[in-house]
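Here the protein sequences come in this chain order: U and Z. Residues in the first sequence are numbered consecutively from 26, following our numbering. Residues in the second sequence are numbered consecutively from 2, following our numbering.
Please keep in mind that the hints were generated in silico from the structure rather than gathered at the bench. For glycine and all other residues, C-beta sits at the position ideal for the given N, C-alpha and C.
Facing chain Z, according to a computed beta carbon distance under 7 Å, are these residues of chain U, among others:
1. Met37
2. Val50
3. Ile73
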Amino acid sequence: MNWGSASEFFAMGGYGLYVWGSYAVVAVWMLYEPFATRRRHKEALQQIHHELSRKDTL
Amino acid sequence: MNTFPRFFTFAAPSRFYRLAGLMVPWLYGLAAVLAIAGLYTGFFVAPTDATQGESYRIIFVHVPAAWMSMVLYLVMAGWAAVGWAFNARLASMVSRAIAPTGAAFTFLALWTGAFWGKPTWGAWWVWDARLTSELILLFLYLGYMALVEAIDDVRRADQAGALLAVVGAVNVPIIYFSVRWWNTLHQGASISMTAAPKMAQTMVSAMLIMTFCFWAYAFAVIFVRTRAIVLERERQTDWVRSLPGGAV
Chain U
26 MNWGSASEFF AMGGYGLYVW GSYAVVAVWM LYEPFATRRR HKEALQQIHH ELSRKDTL
Chain Z
2 MNTFPRFFTF AAPSRFYRLA GLMVPWLYGL AAVLAIAGLY TGFFVAPTDA TQGESYRIIF
62 VHVPAAWMSM VLYLVMAGWA AVGWAFNARL ASMVSRAIAP TGAAFTFLAL WTGAFWGKPT
122 WGAWWVWDAR LTSELILLFL YLGYMALVEA IDDVRRADQA GALLAVVGAV NVPIIYFSVR
182 WWNTLHQGAS ISMTAAPKMA QTMVSAMLIM TFCFWAYAFA VIFVRTRAIV LERERQTDWV
242 RSLPGGAV
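Kindly generate the complete structure, drawing on both the sequences and the hints.
The following block contains the structure:
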């Protein structure tokens, strides 16, 4: 175990800004991208659904 | 020749669509488990570095992101070439689906590198051979994405993109060997297949676990994006119209 306390962990031996500044941006992207691609897939399905239902009413 | 048709079975967008859909939740699950294991190893098991202190812990995301940026480029260029040479629709779609994820990993490699460089070298950015060639990689990804979006005829766009991607692939070995060819600031390779590791075993383990995590993540997100592209392009086909929930 490297850390005596939670505050020691967050301080990262004085490099907190750099370590967490790196990990935060990686985490934000890797949570956003799955959400965005999932939405794109859903929109493509809805578009097909929309086109098919419009054809039926014509 | 018996195995030949079986090999191309998943080249049909309809089959790929179904198979990829089944794999995505498992890949995300695997990525999550590996992330927990990798971060635990990286922060709680791996010791403090003797020369770089705690700042070195950035490499557990920096090195995997940099590896992914290069590997994904080669995979993207490879599928683009297959799509062009064999007129394979799915290969071109996979190629396009890889580009945004590859560009993101390139950006993340540069970003985390800057956050490591500032405390270690005293500068966010230097025009070092490794950094500059990685920046060029980002521009290649962005150029590929802009090019294929700018041409309306999708198959012509695929071909133009393939040409750019294949020519740009020469940059990848330049990035990889830049630390050997030019004696600039960036440190040498973290992992070598031929030499004994210079790092503690737990540091290497954390880096490798995070690399597998990024692989699983990349497969999942690229599969979802490919599925979306398949639907966008093949929406006039019978198989898309007969998808459950697709037809009314």
